[in-house]
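*Asks:* Based on these hints, arrange chain B on the given structure of chain A.
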Amino acid sequence: MLVETHGGSVNVAIAIPTRFRVEELAQTLHKMPFLVGTDTFIGVDEREYEAYAPVRKLFPSLVWETYLNEPPRVGFCRERLRRRIAANPAYDYVVLSDDIKRFDFTTFTNLVRCAVEFPKQPCTAHGFHESRSFYGSGTLDYPDFQTVNGIRSYEGNSCSPSAVNMQLYRTFFYPEDVDMGEDTYMTFWMLEHGYDSIRVCYDAPYSGRRHQPGGTHVADPNEKLIRAGLSTAVLAKAFPLFYGAAGVTGVAWKFVFALARGYRFRERPPGGSPRLHSDILAEMERWDGPVKVRPKPHTIIRRANRKRGRRAD
Amino acid sequence: MRIETHAGPREVAILIPTRQRADVVVKQLKKMPFLNHSDVFYGLDNREAKSYAATLANAGLGAVHCTFVMYRNEQHSVGFCRDQLRLAGLKRRPKFDLFVVTDDNAVFKEESLTNLVRCSVEYPVQPNLTSGSGELMRYYASGKGGALKDLRVINDLRSFERVTHIFTAVPRIIYRRFAYPVESLAAEDRYRTMWALSHGIFAIRECLDAPYSKPRQQPGGTGGAEERMRATGLGFAKLAQDFPVFVGCTGSTPARWSLIMQIAKGYTFAGKLPGGSNRVSEDELISQMVKKE
Numbered sequence: 019m020l021v022e023t024h025g026g027s028v029n030v031a032i033a034i035p036t037r038f039r040v041e042e043l044a045q046t047l048h049k050m051p052f053l054v055g056t057d058t059f060i061g062v063d064e065r066e067y068e069a070y071a072p073v074r075k076l077f078p079s080l081v082w083e084t085y086l087n088e089p090p091r092v093g094f095c096r097e098r099l100r101r102r103i104a105a106n107p108a109y110d111y112v113v114l115s116d117d118i119k120r121f122d123f124t125t126f127t128n129l130v131r132c133a134v135e136f137p138k139q140p141c142t143a144h145g146f147h148e149s150r151s152f153y154g155s156g157t158l159d160y161p162d163f164q165t166v167n168g169i170r171s172y173e174g175n176s177c178s179p180s181a182v183n184m185q186l187y188r189t190f191f192y193p194e195d196v197d198m199g200e201d202t203y204m205t206f207w208m209l210e211h212g213y214d215s216i217r218v219c220y221d222a223p224y225s226g227r228r229h230q231p232g233g234t235h236v237a238d239p240n241e242k243l244i245r246a247g248l249s250t251a252v253l254a255k256a257f258p259l260f261y262g263a264a265g266v267t268g269v270a271w272k273f274v275f276a277l278a279r280g281y282r283f284r285e286r287p288p289g290g291s292p293r294l295h296s297d298i299l300a301e302m303e304r305w306d307g308p309v310k311v312r313p314k315p316h317t318i319i320r321r322a323n324r325k326r327g328r329r330a331d
Numbered sequence: 042m043r044i045e046t047h048a049g050p051r052e053v054a055i056l057i058p059t060r061q062r063a064d065v066v067v068k069q070l071k072k073m074p075f076l077n078h079s080d081v082f083y084g085l086d087n088r089e090a091k092s093y094a095a096t097l098a099n100a101g102l103g104a105v106h107c108t109f110v111m112y113r114n115e116q117h118s119v120g121f122c123r124d125q126l127r128l129a130g131l132k133r134r135p136k137f138d139l140f141v142v143t144d145d146n147a148v149f150k151e152e153s154l155t156n157l158v159r160c161s162v163e164y165p166v167q168p169n170l171t172s173g174s175g176e177l178m179r180y181y182a183s184g185k186g187g188a189l190k191d192l193r194v195i196n197d198l199r200s201f202e203r204v205t206h207i208f209t210a211v212p213r214i215i216y217r218r219f220a221y222p223v224e225s226l227a228a229e230d231r232y233r234t235m236w237a238l239s240h241g242i243f244a245i246r247e248c249l250d251a252p253y254s255k256p257r258q259q260p261g262g263t264g265g266a267e268e269r270m271r272a273t274g275l276g277f278a279k280l281a282q283d284f285p286v287f288v289g290c291t292g293s294t295p296a297r298w299s300l301i302m303q304i305a306k307g308y309t310f311a312g313k314l315p316g317g318s319n320r321v322s323e324d325e326l327i328s329q330m331v332k333k334e
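Sequence order for the protein chains is A and B. Okay, so the first sequence: first residue is 19 according to this note's numbering, each after it adds one. Okay, so the second sequence: first residue is 42 according to this note's numbering, each after it adds one.
In isolation and in its complexed conformation, chain A is listed as follows:
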C-alpha cells in the first residue's frame, strides 16, 4: 500500500497474525477498510484456515499465510509472516498489528510518516495506546519529545501497531519459542544492534482491549504467568545486559508469596495496564484447582520426617 510522506511515497505491507478470532478479525477489517488489500498479510494456523472462510469470502483480496503452529507460539506466527513479507523486495516498510487492534487511517499514515520522516534513520515507530493519555494528561512530559513535520513522538517502546523499516525487518529473526514479548525481543534486538531510534508516535492513537478470548489468551490467568515467565527466560538469556540493568529487584515478592501459598489471579495478572499492585493483590483468590507448576507443599518436610524414622540424619 502506498503511503504519502514528506519524502515521497513508500510501499507498506501490513502483518496480522490471528488465532481463534474469526469474528473479531472480520469486525476489525470492517472498521478499518483501508487495510483490505493485497498488501495485508494474515497469518493463521492451517487447521483454522477453514474456520476463517467467512472472512476470506468478505475480503477476498487479503493474502493468507498458513502454517502449522504446534504448540501455539506467537513468535512462530510473526516469524512466518516476516519471512513471507521480507521475501518481497517491493516493500519499504511493514506495519505490525494484531487482529484486535483498532485505529483509523490517520493513525496509520501518521505512524508510517513518523517512522519515515524522523531525522534519525532507520526509525521504528509505535502507536500510542489510548490508555497512555492517562499518563500524559496533556503535559507531554515524555523523554525526548519532538515534533517533526507536525508529527509528535517521544523516545520509548510500545507494542503493535508498529511501523518498521524493511531493512531491519529483513535482517531480524523472531524467536520462534516465545509466546509473549516477541515485540520486546525485536526492540531489544534493535537496541543491541545500535538502532536506537525507537519512537512512540503521539499522533498515532489506537485502541485494543487486552486479555480478549482467542489469540494468545488462555482462560486460566495462571497459565499466562507460566508463558510470561518462560518468555522472560528466552529474552533475558538473549539480552542479559538489558535485564540486568533493571536488577533482580524487579521480582514482585508479594505476588510470589501469594502464588506460593496457593493463591491465584482471579482475572488477569499485572503488567501492562496501570493498576496498583495492592489492588491486584487484594483481588487474588484461593486456588483449589489442580496445581500445575507448584510442587505439593511440605513434601520436602514429610519426606524428611519419613527418612528420619529409618536412619538418623
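No lab work stands behind these hints, which were simulated from the structure alone. From the three backbone atoms N, C-alpha and C, an ideal C-beta is built for every residue, glycine too. Careful: at least some of the hints might be erroneous.
[What the hints assert, rightly or not] Examples of chain A residues toward chain B, derived with CB under 7 Å:
| hint | residue |
| --- | --- |
| 1 | PRO51 |
| 2 | LEU86 |
| 3 | PRO89 |
| 4 | ILE244 |
| 5 | LEU248 |
| 6 | THR250 |
| 7 | ALA251 |
| 8 | ALA254 |
| 9 | LYS255 |
| 10 | PRO258 |
| 11 | LEU259 |
| 12 | TYR261 |
| 13 | GLY262 |
| 14 | ALA263 |
[Claimed, not checked] Think about it this way: if two alpha-carbon atoms lie no more than 25 Å apart in a straight line, the pair counts; the simulated SDA-like pairs of lysine to any residue are:
| hint | chain 1 | residue 1 | chain 2 | residue 2 |
| --- | --- | --- | --- | --- |
| 15 | B | LYS150 | B | GLU52 |
| 16 | A | LYS255 | B | LYS150 |
| 17 | A | LYS255 | B | GLU52 |
| 18 | A | LYS255 | B | GLU115 |
[Claimed, not checked] Sample of chain A residues lacking proximity to chain B, with all beta carbon distances greater than 12 Å (derived):
| hint | residue |
| --- | --- |
| 19 | THR23 |
| 20 | GLU42 |
| 21 | ARG65 |
| 22 | THR189 |
| 23 | GLU241 |
| 24 | ARG245 |
| 25 | SER249 |
| 26 | ALA256 |
| 27 | GLY280 |
*Replies:* Same frame as chain A, now just chain B:
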C-alpha cells in the same frame, strides 16, 4: 562452631565465597576474629590460592584456622561457588545443623550471628530461611517507615516476613535437598528463596536483632558494573526458566525502558547498579551513568 539456643546447642558452619578480595577477607577476619574458626568455610578459585595465602600470611593474623574450599570456577558463577561450599559443608563430620551463608564483605558481630541462629532455630515454623537485617530495614524498624509485615517476638528476638539474602541461616534439611544452579552467575540467592517457596517453605524471615552491614559493589566479587549486569540478566533468565510463575507474575517485560535506552546508547553505570540500597529514581540513575569509552 557451637551456638547455644533455647532449643539446645546447634553446630553451625559459615559459608563465604570470595573472589579477588584477599585484602577484604583479611579485614573481615580482623574485624570479626570469631570467624577465624575451622567451621568457617571460604570458597575460592584455585588459581587465586597463592595470592590469598600470601596476603593472609603477611596480614599479621597469626594462625588462620578457617577451612578453604578450592574449585575451578571458569565462568565466575556465584551459584557454582555457593554449591561447592554447600557440598563441602554437608560432607563435614560431625554434621552441622545450620549453615550461615554470607559474603566476604559482610560485617556483623558475634552477637548478631548468635541472634540469627537463635531466631532461625527458635522460630515456631520449621524449617525456615532467616536473614539478618540491613541498615535500611533497621531504619524502618525505628518506626519511620510504617508497619512491618507479621512482626513477631520469639524469646526476645524480633523478626518479620521479608526476603533478604546477604546474611542468611539455612537449616541442613533445606541444604541437603536444594542445589544451587551452576549456570546462575548471579541471583542464586533469589533462586534459593524461590525454591523454598515452591517447596512449601513460607517462613522467610528477617531478624531485626541480627544486624549486618555490607558495602555494595566493591571491586572483586562478581566483577565490574557491566559484568554484574550481564550476570544478573543471566541469573534472571535462570529464575524465569525454573520458576516461570513467580517471575511471570508481573508480565514479560522489564519496566525500566529509560535505563535500557541509555545502555543501548553506549552508557553504563559508573558505580552502583540499581537495586538493593541504591533505590533511587530513574532520572537520578541516568544522571549517574557515564559514556563507555
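*Asks:* Look at each hint and say if it fits the structure.
*Replies:* Status of each hint after checking the structure:
no.: 1; hint: PRO51; in the structure: 33 Å, violated
no.: 2; hint: LEU86; in the structure: 24 Å, violated
no.: 3; hint: PRO89; in the structure: 15 Å, violated
no.: 4; hint: ILE244; in the structure: 5 Å, holds
no.: 5; hint: LEU248; in the structure: 5 Å, holds
no.: 6; hint: THR250; in the structure: 4 Å, holds
no.: 7; hint: ALA251; in the structure: 4 Å, holds
no.: 8; hint: ALA254; in the structure: 4 Å, holds
no.: 9; hint: LYS255; in the structure: 4 Å, holds
no.: 10; hint: PRO258; in the structure: 3 Å, holds
no.: 11; hint: LEU259; in the structure: 5 Å, holds
no.: 12; hint: TYR261; in the structure: 4 Å, holds
no.: 13; hint: GLY262; in the structure: 3 Å, holds
no.: 14; hint: ALA263; in the structure: 5 Å, holds
no.: 15; hint: B:LYS150 <-> B:GLU52; in the structure: 18 Å, holds
no.: 16; hint: A:LYS255 <-> B:LYS150; in the structure: 39 Å, violated
no.: 17; hint: A:LYS255 <-> B:GLU52; in the structure: 40 Å, violated
no.: 18; hint: A:LYS255 <-> B:GLU115; in the structure: 19 Å, holds
no.: 19; hint: THR23; in the structure: 25 Å, holds
no.: 20; hint: GLU42; in the structure: 22 Å, holds
no.: 21; hint: ARG65; in the structure: 26 Å, holds
no.: 22; hint: THR189; in the structure: 17 Å, holds
no.: 23; hint: GLU241; in the structure: 9 Å, violated
no.: 24; hint: ARG245; in the structure: 7 Å, violated
no.: 25; hint: SER249; in the structure: 5 Å, violated
no.: 26; hint: ALA256; in the structure: 8 Å, violated
no.: 27; hint: GLY280; in the structure: 10 Å, violated
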